[in-house]
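Chemist: Okay, here's what each chain looks like letter by letter:
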Amino acid sequence: MKVQKTQELALASQDDVVMVRQAVRMAAVEIGLSLVDQTKIVTAASELARNTVVHGGGGFARIEIIRDTARTGMRLTFEDRGPGIADLERAMKDGYSSAGGLGLGLGGAKRLSNEFAIESQPGEGTRVTITRWKG
Amino acid sequence: MDRIPILKLRDCLLVTIQVDMHDRLAMTLQDDLTEQIVSQRARGVLIDISALDVVDSFIGRMLSNIASMSRILDAETVVVGMQPSVAITLVELGLSLPGIRTALNVDRGMDLLSAGRRSEDAAV
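Line by line, the protein sequences give chains A and B. Note that our numbering has the first sequence beginning at 1, numbered continuously upward. Note that our numbering has the second sequence beginning at 136, numbered continuously upward.
Hints listed in this document are in silico derivations from the structure and should not be mistaken for laboratory results. Please read these numbers as outputs of a predicted model, since none were measured by experiment. Treat the hints with care, since some could be wrong.
[Unchecked claim] On the chain B side, residues computed to face chain A include the following (Cβ under 7 Å):
1. His157
2. Arg159
3. Val189
4. Asp191
5. Ser220
6. Ala222
7. Ile223
8. Glu227
9. Leu228
[What the hints assert, rightly or not] The following label-pair restraints were derived from C-beta to C-beta distances:
10. A:Asn114 x B:Ser203: 51 to 59 Å
11. B:Ala186 x A:Thr69: 49 to 57 Å
12. A:Gly135 x B:Val154: 26 to 34 Å
13. A:Glu30 x B:Glu255: 50 to 58 Å
For each residue, glycine too, the CB sits at the ideal point set by N, CA and C.
All chains should be built: construct the whole structure from the sequences, respecting the hints.
Modeler: Okay, here's the thing in structure tokens:
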């Protein structure tokens, strides 16, 4: 797999969440995702970017346009150095929320993506990576 | 600070969301609307989201909150103009917006609100 383009955005405030949504939308348009797929990846990005700001105390988002042998896609990485998640399995469940939200963030982002990976160490931070392929 | 304008239309309030809202702006709208329902004695709230190309769980929760709060204040809420791609994404996200009435556009939303009141009047 080859990375064709990389963009990194800081995530410190709610306004940065809006910026990330817009940047993800632009990348999704650039690789030619359908409108529904654009909406899905932007919505997933919005959930994860908010997590980074609210739970992770800020961090960054990386937007990559990627290519493997037959297809183009985009990979989004959200990383923070916050408190981390002790019980990943529980955090992935719908309805579990530590901040009074709906608890749909992680599970919802996973359903809206083709590939989903999460790494977290208590006390060290959290990294979530999602991929959406075209077609 | 920026705010989303709230228009009065007969005895209803009309809100057209035209910007990509950050979370604070959504919370401000929620507060402004509940205040105006009381001060304008509104019986209905129409929220036009046709310009929104993303509704995530936060905005979804705000819409549900507005619907619940306005119901307690004796006003009905109708969310109108949702884009099809947004509807598809919301369901996949896991949000079905329980308790929210929806209509395809502002016209139909107004019809829904006035029909609701007519049947209420008839019952009295």
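Chemist: Take the hints in turn and mark each one as holding or not.
Modeler: Hint by hint, here is what the structure shows:
1. His157: holds (4 Å)
2. Arg159: holds (6 Å)
3. Val189: holds (5 Å)
4. Asp191: Result: holds, 4 Å to nearest chain A Cβ.
5. Ser220: holds (4 Å)
6. Ala222: violated (10 Å)
7. Ile223: holds (5 Å)
8. Glu227: Given a least distance of 5 Å, the restraint on Glu227 of chain B holds.
9. Leu228: For Leu228 of chain B, the interface hint holds, since the closest Cβ of chain A sits about 4 Å away, which is under 7 Å.
10. A:Asn114 x B:Ser203: 51 to 59 Å: violated (35 Å)
11. B:Ala186 x A:Thr69: 49 to 57 Å: violated (39 Å)
12. A:Gly135 x B:Val154: 26 to 34 Å: holds (32 Å)
13. A:Glu30 x B:Glu255: 50 to 58 Å: holds (51 Å)
This entry does not satisfy hints 6, 10 and 11, going by the numbered hints stated previously.
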